[in-house]
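S.K.: If you want the building blocks of each chain, they are given just below.
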Amino acid sequence: MLLILSALPQNANESDKNKLEQLYVKYRNMLFCYALRIMKNREDAEDVLHTAFIKIAKNIRNVEDTESRETASYLIMILKSTAYDFIKGNKRKEEVSIENIGDIAEIDKNIEKLAQHMVYEKIVLAIRNIPSPYNETLYLHYVRDFTVAKTAKLLDRKVSTVKMQLVRGKKLLLEALSEVQYD
Amino acid sequence: MTDTRELLKNAFIDAQREMRIIEPHTFSGEFEKKMAFLIKGQKGVLKLINTVGKRIAILVLALIVIATSTVFGVEAIRTPVIKAIQEFFVNVKQELSGTMAGNVAHLFPEEVVELRAISYTSSTPKTQVINDQNRIKEFTDLLITTEWLVPPDKSQETERTYLWEFCLVDTNNKVVSIKTCSIGRRGIVIISSENTEHLYTISRDSYRSIISFTGERYYLHKSSAEKPKAQYSMSIKNKILSGLNAEEQDFVKKKLWNIHYRMENFLLTYVTRLKDPDSEVWDFALYGGYFSNESVYNPNGFSEVLTDINELILTVKDKTTVETLKKISKDLNIAFEGHDIGMIFISHEYVHDLDYFAADYPKYCSTPPPDWAGVEVYFGRLKQIYGETN
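So the sequences go chain by chain: A and B.
If you use my numbering, the first sequence closes out at 183, no skipped numbers anywhere.
If you use my numbering, the second sequence closes out at 390, no skipped numbers anywhere.
Some clues are possibly wrong.
[As the list claims (entries may be wrong)] Label pairs and their calculated CB-CB ranges:
#, chain 1, residue 1, chain 2, residue 2, range
1, A, Asn-29, B, Thr-196, 52 to 58 Å
2, A, Val-25, B, Asp-371, 44 to 50 Å
3, B, Asn-103, A, Asn-29, 52 to 58 Å
4, A, Lys-153, B, Lys-40, 21 to 27 Å
5, B, His-106, A, Val-25, 35 to 41 Å
6, B, Arg-116, A, Asp-108, 37 to 43 Å
[Claimed, not checked] Over the 12 Å line for every Cβ pair with chain B, so calculated as not near, a few chain A residues:
#, residue
7, Glu-21
8, Arg-28
9, Ala-35
10, Glu-70
11, Lys-80
12, Asp-85
13, Phe-86
14, Ile-87
15, Lys-113
16, Ala-115
17, Met-118
18, Val-159
19, Val-167
20, Glu-179
Derived by calculation from the structure, the hints in this document are not laboratory data.
The C-beta atom is built at its ideal place from N, Cα and C for all residues, glycine as well.
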């Protein structure tokens, strides 16, 4: 019983309770700038920002340190994903079929092979060239090691869609790395 | 994690931050308000862990997780518990704000955890308790799509008998009650909490949607059946009226119209009360009487409809039609005996098709029917009765 009670996140909830507010106060201007750049007008940007914070709130446990650079990039990723959903109006075609899984192992190998020998800044540049929604899916895969199901839940997409985006995203990453490699 | 994997991880983190210059922005009042609600709601989520009911639920959930997981640490217990907590209340006030129902948003609570639906249509009130947040959200959506108007004359409404009540209960056990009944072609609603009461009128459609929330909704004229061809309808008409002289034919057509009209009127008027098999109104529905709970007087009851059907049975000569009328009469008697309003709706479908698409085809309504929308609706019952005849 004591174990259960100590496991109940009463203290953790106290910090969780204030986390959203801390994130909002610290990052709202930054996130708004990204939203404005994507949406091109202030009203839509505010809508996107609000929706993004709802997503962040629902998944507040994914945020550990409100000050870390990783948290900042996580929030930006959520924002971009939300903006993408707004632009597409949730009417994007549901893609069910995915490529041969056998290709993926090969792609993963080639990505690692390339990345190992590239200048860091070029890898960052290549990643920036990957468009939404693939960028966000890859982010959660590489940074958070999220499962497909967890990614689908966070980004409010179907599991089959996320699977497809992960596969395509890796292919795009490989292409992007190849392109910038010799720039 | 491999070095390359770590490299890619850091690259993805850094790749997100493209913008170097962040300019401060003055957010709109509307946005600040929405964010304030969201943040307050996030804090409120965790208040529930302090309520006895939820704490017990959390302990039970934790026990289940421990019993079923093979490897557990604090995270393995904590995560499903938090997940269970995170979406357990509905901020009705926020949901209504900025919508068509914005003028009543301030009357509603922010952290609704329970909805109690109470029906006073039978001698003892019946209460249904709803804790499912999705269902509470569905109810909230009904409120959002309702236009709440202040009636010009409030005095006459205070004496009405309200047959339905919906109580929204928040995390502090504070109750906001919505009581409603119909008046003419609109619904009357009193929203009350603690010592305040606010009176509104709503559309008939909104009223029906709200009171149907916990029960089945019946539609008088809902069918996607394709209307029969004119030739088919005429052939059935000839069949029904076969062997009758002109006067008898006229009698059959008018009688069928009267039966149909009274059935529709009856259903439209009494469906909300008769959906409940225990409703007192069933005691008076067949033979008429004065309903003590409300000022509704049904002088003759439904029995006149049954009498008319018997008259038709004695007049019509076509065997198939006679058998159908006997079946309708029998089904209606069973419906009243068993307090089954669904069966009355089905019987109406037979009568409706016989009237509009057969005996009196093509139908031109010289007198307004109870529901104009039904004039174009076909239920497909003729083919069930008569088959694909020429």
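S.K.: Would Ile-87 (chain A) pass as off the interface with chain B, using Cβ distances and a cut of 12 Å?
M.R.: Check passes; 18 Å lies beyond 12 Å.
S.K.: Against chain B, does Arg-28 (chain A) hold up as non-interface, every C-beta pair farther apart than 12 Å?
M.R.: The claim is violated: Arg-28 (chain A) sits with its nearest Cβ about 7 Å from chain B, within 12 Å.
S.K.: The hint says 52 to 58 Å between Asn-103 (chain B) and Asn-29 (chain A); measuring C-beta to C-beta, is that right?
M.R.: Roughly 34 Å apart at Cβ, these two residues miss the hinted range, so it is violated.
S.K.: Mind verifying the non-interface call on Met-118 (chain A)? Its CB should be farther than 12 Å from each CB in chain B.
M.R.: Violated, since 9 Å does not exceed 12 Å.
S.K.: Do the Cβ positions of Val-25 (chain A) and Asp-371 (chain B) conform to the proposed distance bound of 44 to 50 Å?
M.R.: Given about 57 Å between the Cβ atoms, the range is violated.
S.K.: Could you check that no beta carbon of chain B comes within 12 Å of the beta carbon of Lys-113 (chain A)?
M.R.: 8 Å, violated
S.K.: Find the nearest Cβ of chain B to the Cβ of Asp-85 (chain A) and say whether that gap is larger than 12 Å.
M.R.: 17 Å, holds
S.K.: Was Ala-115 (chain A) rightly flagged as not at the interface, with every chain B Cβ beyond 12 Å?
M.R.: 5 Å, violated
S.K.: Per the hint of 21 to 27 Å, is the separation of the Cβ atoms of Lys-153 (chain A) and Lys-40 (chain B) within bounds?
M.R.: Holds, at about 24 Å.
S.K.: With d taken as the least Cβ-Cβ distance between Glu-179 (chain A) and chain B, does d exceed 12 Å?
M.R.: The claim holds: Glu-179 (chain A) sits with its nearest Cβ about 15 Å from chain B, beyond 12 Å.
S.K.: Please verify that the nearest CB of chain B lies beyond 12 Å from Val-159 (chain A)'s CB.
M.R.: Answer for Val-159 (chain A): holds, closest chain B Cβ roughly 18 Å.
S.K.: Minimum Cβ separation between Glu-21 (chain A) and chain B greater than 12 Å?
M.R.: 5 Å, violated
Of the numbered hints given earlier, the model fails hints 1, 2, 3, 5, 6, 7, 8, 9, 10, 11, 15, 16, 17; all others are met.
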